[in-house]
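Taken in sequence, the protein lines are chains A and B.
So the first sequence is numbered by this note's numbering: it starts at -14 and just counts up by one.
So the second sequence is numbered by this note's numbering: it starts at 247 and just counts up by one.
It should be emphasised that the hints constitute simulated quantities derived from the structure, not laboratory data.
These numbers come from a predicted model, not from an experiment.
Mixed in with the good hints there might be a few duds.
Below 20 Å or equal to it, Euclidean Cα-Cα: the simulated EDC-like pairs (lysine to aspartate or glutamate) are [stated by the list, open to error]:
1) A:K53 - A:D68
2) A:K345 - B:E312
3) A:K339 - B:E324
4) B:K627 - A:D422
5) A:K222 - A:E270
6) A:K61 - B:E589
7) A:K61 - B:E312
8) B:K642 - B:D685
Among chain A residues calculated to face chain B with C-beta under 8 Å, some are [claimed, not checked]:
9) L157
10) L388
11) N391
12) G394
13) A395
14) F398
15) I401
16) A408
17) Q409
18) E411
19) E413
20) A414
21) T415
22) S417
The C-beta atom is built at its ideal place from N, Cα and C for all residues, glycine as well.
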Amino acid sequence: MTEATQYQEINDLLSKNQHYKEGFYTQTAVETFEKGLNETVIRAISAKKNEPQWMLDFRLKAFEHWKKMPEPHWAKAEYEPLDYQDYSYYSAPECNQCAVDEDEPVEEGIDPEVAKAFAALGVPLDGSGESDVAVDAIFDSVSVSTTKREELSKLGIIFCSFSEAVQEYPELVQQYLGTVVPHHDNYFAALNSAVASDGTFVYVPEGVRCPVDLSTYFRINEAKTGQFERTILIAEKGSYVSYLEGCSAPVRDTYQLHAAVVEVIVHERAEVKYSTVQNWYPGDEDCEGGILNFVTKRGVCEGDHAKLSWTQAETGSAITWKYPSCVLKGDHSIGEFYSVALTNRRQQADTGTKMIHLGKNTRSTIISKGLSAGHSDNTYRGLVRILPGADNARNFTQCDSMLIGNQCGAHTFPYIEVENPSAQMEHEATTSRIGEDQLFYCQQRGISEQDAISMIVNGFCKDVFSELPLEFAQEAEELLAVSLEGSVG
Amino acid sequence: MTERNQVTTLPKMPPNARALLEALEQESQALNQRDQADPAREKLVARRIAAAEQLRQTGWPTRKHENWHYTGLTPLFESSFSLAATPNNDQDPADVAGLSDAALTPYLPPFETIRLVFVDGVFSESLSGGLDAIDDDLSIEMADADAIQSMTLADLRRYQGVQDGTRNAARPVAPSDAPSVDDVFVHINEMCLDQGLTIRLAPNKVLARPLQILQLVTQNDALVNLRVRFELGHHAQMSWLNQCACLDDAARSWVNRLQQVSLADGAVARQVDWQGLNDQSFLSSMTYVDQAPHSQWQNHALALGARWSRQQSYVCLNGEGADAEQNTLAWVRGQQLTDARTETQHGAAHCTSRQLHKFVVQDQGRGVFNGMIGVAKAAQKTDGQMDNKNLLLSPKAKMDTKPQLEIYADDVACSHGCASGEIDANQIFYAQARGIKHDEAVRMITQAFLLEPLESIAHDSLRQWLHDDLSKRLVALPSLQHQRDENA
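For reference, chain A alone in the conformation it holds in the complex (with noise of 0.2 Å):
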């Protein structure tokens, strides 16, 4: 295909695809590996990276494993079969020395192509200006810039991203990598670790707390790359950080692969609180062509007093399958979900989260919205296990559903495992929509449908945006509006 007649195709695409903003395509020079997975293009990732023997026979490991693993349907979703073939599994832009406009304020090395798509989508490399974060940006397979490193470096805190890691930090690396979701943990925590492209890598020592919020930003620019990013987040005793994470990618007509690991370590008295922001193609009016984002998000609260709190909002994706969960294994550890997910058109979620409580006295929440339109399907899936020895552990679980329109559907699957009869549990699930009343009240006094759709949703999602950070609640907002264009009606 010429680069003319793939610029037509994904104009035609993107006129069709107006309410996706982010649905634009770079166009750079890239190096990116033919299509297949097999024991070579690991090894040529691996060698791509230069990476240490330790981490390619992580890789090969995970891989042999992989190949003997059955592919898990059990989601409530459906999708045609993924070739795993057809994909290519490493792709990065390729002019790293290549000469930097002067006027371009971006760090050296970075390719003005990818900045500006960056800056396009709101994410400063420069790292000057009023911002108040500090980014690590990830294009297809490698991680381009992160900014505030040496800013960070002063209080000790590491901020880099993976690839950099493993070259730089390869203790840290090798101590945790793989303690928190392990190399069989499941099948796409397998492919990810056999295949990891570039992630951030993330390290707060002791009694620090890391004054800007950390974040990274995932793109995926290529089209038929699968990205596996793998972030590590390890936050030392008593230490405190806020990482955000959002991610997008360019409107194409084939199914892109997202399988991604994190993995959260906090220490005693720390406290992590990680949100995203999902917002990856989820495809034309059927869903053709959208992100499968089958992520493995897992945090294990190691420490007493020990504090984790997931909070997602969920837009993008065909497919979305994931259920950041946290592992209470200290007493009196806390752990949180917050959870926005929206579908729309076609788009199939089926998220959640899991508590898994080990030590005394540990807490969870759980808060869940669910939002369906179109002839979506939203499903809330999770796991609340009490272990013998989790004395007085305390969950409570909330997941409220709403469906706008009736040809889409609500789902909500809980399981719940108790084991200790101290534990104190409740859960609690309903289904609604949204009033005519409520419509009619807002429409006599002048507000439109749609605004006041969005205004009784955004009420309905407040619980967990207002546990968002400002700028991010903002966007998850403005994101959710843009979602729901056209659910009514």
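Chain A is fixed; fit chain B onto it per the hints.
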């Protein structure tokens, strides 16, 4: 086996599981051999063979199967079972077992009933009573060949979820269409089908006296295979009390029961399903309820006994304005595993369903609750509610619950709630401060907790009788002294 040409090879399974499956096949073949000369039973023989084949194909479920994750079958495999022996033609099973009326005393409620007593699945006329109240409007058919032939699986309906890319959630299917591992006990019921009971109530008839169906089990290592069918004509009303009990505390038995309830327009059926099998026994029970418009179904299940029990009900609300109430009271002790499952499928608009399931789990007991409310696209204005509350009384008690919603209609009010925990120390303190001993306080609170699901039983003296019976049993609530010491 050699006579059959096509024999599916069994899926891989442990030796004892295979042994049980093969023993069941032999039982089925023995029935077929007995019946092969009888032309009236030709179809029945064919059905048994087909069901045996289905069981071969599916094998036993394992913990890897979604619906069996919490309910392992291992205890069942540890035993061997053969079909309960039936007496020769004219003999009353009570005589064979040496039973007198005295044996019934604990099971007789203090009000008049139409009492049908079965010993190891066979009707005993001498123990039954109140039969004079049966009139033309109520027909009770026992297991003759014709009656059993008519009890096919064809109209069983089970929710199967979204399949083949269609979004039609309400797809009731006959489980016999394609064998599913979820239906193993249905296959077993069909392949061992020999006894059956059909009860029909004429339209517009209101049966004043409750029906009492008492199943007594006496034999050891016996499989009691039951098939019961209720058919209520339009606007007919009746209530019945199912009882399952073992007369010998040491005898191990397995009751495998399949019930079908068909309710015509406006029919009202109320069932109390009381299960007090001994601690060695097994119970697998499937109840399929089909509801026409404006019919009402009420079920109160009391799971008090059995080493291992799994009671599944499938309720299909197929007509507008139908109403279903399903309550469970489960007291799980010792090594027991008690599994209560409901599947409520709203297939039409304006239906309501209410559920309250309460478990008290103590010792090393294990409670399992699985509830599913499905709402099809057509079922607008559905009102579905499901509550599951569990009290755990000992450190080794375990409770696994899965309250689920699957909804495809937007104008609905559906909710489920679930809570597990122990008795609030404040409540015990409150009682103790008023001079009530600790153990007595625990008993009182437990009793109050456990009796709630029974409150909606309309028949006053039945409710009172069940209350009293349960209160007496709860006296046996073992001292929780040790636990208090542990907590202190």
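Which earlier hints can't be squared with this structure? Violated hints (numbers, rising): 2, 3, 5 and 9; every other hint is consistent with the structure.
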